[in-house]
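With chain A's structure known, arrange chain B on it following the hints.
Number of protein chains: 2
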Amino acid sequence: MPRVGVILGGAGVYDGSEIHEAVITLLSIENKMGDYLCIAPNINQMHTVNHLTGNESEGEQRNVLVESARIARGNVKDIKDVDPNEIDAIILPGGFGAAKNLCDFAVNGADCDVNQDVKELLLNMNKAGKPIGAMCIAPVILAKIFGIYKPTLTIGTDKGTAEAVEKMGAAHKDCPVDDIVVDRENRLVTTPAYMLAKGISEAASGIDRLVEEVLAMI
Amino acid sequence: MPRVGVILGGAGVYDGSEIHEAVITLLSIENKMGDYLCIAPNINQMHTVNHLTGNESEGEQRNVLVESARIARGNVKDIKDVDPNEIDAIILPGGFGAAKNLCDFAVNGADCDVNQDVKELLLNMNKAGKPIGAMCIAPVILAKIFGIYKPTLTIGTDKGTAEAVEKMGAAHKDCPVDDIVVDRENRLVTTPAYMLAKGISEAASGIDRLVEEVLAMI
Numbered sequence: 001m002p003r004v005g006v007i008l009g010g011a012g013v014y015d016g017s018e019i020h021e022a023v024i025t026l027l028s029i030e031n032k033m034g035d036y037l038c039i040a041p042n043i044n045q046m047h048t049v050n051h052l053t054g055n056e057s058e059g060e061q062r063n064v065l066v067e068s069a070r071i072a073r074g075n076v077k078d079i080k081d082v083d084p085n086e087i088d089a090i091i092l093p094g095g096f097g098a099a100k101n102l103c104d105f106a107v108n109g110a111d112c113d114v115n116q117d118v119k120e121l122l123l124n125m126n127k128a129g130k131p132i133g134a135m136c137i138a139p140v141i142l143a144k145i146f147g148i149y150k151p152t153l154t155i156g157t158d159k160g161t162a163e164a165v166e167k168m169g170a171a172h173k174d175c176p177v178d179d180i181v182v183d184r185e186n187r188l189v190t191t192p193a194y195m196l197a198k199g200i201s202e203a204a205s206g207i208d209r210l211v212e213e214v215l216a217m218i
Numbered sequence: 001m002p003r004v005g006v007i008l009g010g011a012g013v014y015d016g017s018e019i020h021e022a023v024i025t026l027l028s029i030e031n032k033m034g035d036y037l038c039i040a041p042n043i044n045q046m047h048t049v050n051h052l053t054g055n056e057s058e059g060e061q062r063n064v065l066v067e068s069a070r071i072a073r074g075n076v077k078d079i080k081d082v083d084p085n086e087i088d089a090i091i092l093p094g095g096f097g098a099a100k101n102l103c104d105f106a107v108n109g110a111d112c113d114v115n116q117d118v119k120e121l122l123l124n125m126n127k128a129g130k131p132i133g134a135m136c137i138a139p140v141i142l143a144k145i146f147g148i149y150k151p152t153l154t155i156g157t158d159k160g161t162a163e164a165v166e167k168m169g170a171a172h173k174d175c176p177v178d179d180i181v182v183d184r185e186n187r188l189v190t191t192p193a194y195m196l197a198k199g200i201s202e203a204a205s206g207i208d209r210l211v212e213e214v215l216a217m218i
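Keeping their order, the protein sequence lines are chains A and B.
The first sequence begins at 1 in my numbering and counts up one residue at a time.
The second sequence begins at 1 in my numbering and counts up one residue at a time.
Just chain A, with the same shape it has in the complex (with noise of 0.2 angstroms):
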């Protein structure tokens, strides 16, 4: 059984892993018949974001980790310990938490730095020839960390996040919600999710093809 490893970045679309992308991930690499890991680093959050007002939520001080946790069931991996070798693809679920949490983009854009293990893990990957899949606003880490390789990759069809993404040096392509972007020689698969949807079942339509696509190319 093919084991997809899932990076979190806590549990809440405005400080972390946006929630329906990443069980909508878990839930189709289940129904596809894979297995799925998941995986977070043991850091502190950017901030904690009241999600009722959209407000920092000052003082409040939440961990990566711990808050990851929420998502899978308790059962969630420091990246630190993560063999390459015990997983065969990676997804990286969006939300805020990865251009805030996994790297700095929602505050440095196309200067961002990727956080170092994050970094370490895909690039072990993409040199084992394993695919990697991105959603929503998370294809910006795979601009960063694999902008020399110019990959083709999709933010949905955001002009200033699509911009970015080209700073960084990979090519973007617009793409609506439900299809996926196929950068079949980096490995790479990309969808809009919540870049673009107006609704989860609308989210779910792109995440869907593109966890087919991740399994598929293992």
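Check the hints yourself; a few may be wrong.
Any copy, or any two copies together, can satisfy a pair, since identical chains are not distinguished.
Pairs of lysine-lysine residues, derived as BS3-like cross-links and limited to a Cα-Cα distance of at most 30 angstroms, are as follows [claimed, not checked]:
(1) Lys32 - Lys198
(2) Lys198 - Lys127
(3) Lys80 - Lys159
(4) Lys198 - Lys80
(5) Lys159 - Lys119
(6) Lys80 - Lys173
(7) Lys77 - Lys127
The hints are simulated quantities; they were obtained by calculation from the structure and are not laboratory data.
From a predicted model like this one, the values you see are computed outputs, not experimental measurements.
Okay, now just chain B, sitting in the frame of chain A:
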């Protein structure tokens, strides 16, 4: 388009709503051409649990409405502001939040009290002949509120919980994870979900059937 109220009790299996169950419920409603309204009480959680260790995170206070907003992407309504006329049915996902925040079954078993606003909304919906679905541990709330009508419910196969359900006046029926128990007279639908599910796709199999039956009953 039928509109289903989904009552959340936080975000995380050990102190809030079971996230997989909640998201699968929302996805299933949309996939079956329904619309959803996320609802939660504006109260403090019983406690906060570190989902990585399983231990209580002492001194950390979280609010049920605010944490539920993580699952609802910010779009959650205070149960005090919900008019029964704006929804056609209600579904309660499980997770310990259902038994710690929406009622105190986790502490007091069959002698539990249900949150007053949850109780009023469920009683009003039932009086209006609108269907109510509940999964995992959440059927204990239905047993407590509707015990006087002797409804037939399931929480899976756990003997202790089944005995408590019967002590509150309901008839308990064992049920496999991919099936549902339908009480047509009282218009209640229940399924075990993570009381029995060994994985997310197993949980989804019963939840999908529950959502289908609740929508059919409208």
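Evaluation of the provided hints:
1. In this assembly of identical chains, Lys32 and Lys198 lie within 30 angstroms of each other by CA distance both inside one copy and across copies; the values are 25 angstroms within and 16 angstroms between.
2. For a Cα distance limit of 30 angstroms, the shortest separation of Lys198 from Lys127 qualifies neither inside one copy, at 36 angstroms, nor across copies, at 34 angstroms.
3. In this assembly of identical chains, Lys80 and Lys159 lie within 30 angstroms of each other by CA distance neither inside one copy nor across copies; the values are 35 angstroms within and 41 angstroms between.
4. In this assembly of identical chains, the alpha carbons of Lys198 and Lys80 lie at most 30 angstroms apart only when taken from different copies (27 angstroms versus 35 angstroms within one copy).
5. In this assembly of identical chains, Lys159 and Lys119 lie within 30 angstroms of each other by CA distance solely inside one copy; the values are 25 angstroms within and 48 angstroms between copies.
6. Proximity of Lys80 to Lys173 under the C-alpha cut-off of 30 angstroms is found in neither arrangement, the shortest distances being 33 angstroms within a copy and 46 angstroms between copies.
7. For a Cα distance limit of 30 angstroms, the shortest separation of Lys77 from Lys127 inside one copy, 22 angstroms, qualifies, whereas the shortest one across copies, 47 angstroms, does not.
Going down the numbered hints, you'll see the structure goes against 2, 3, 6, while the others check out.
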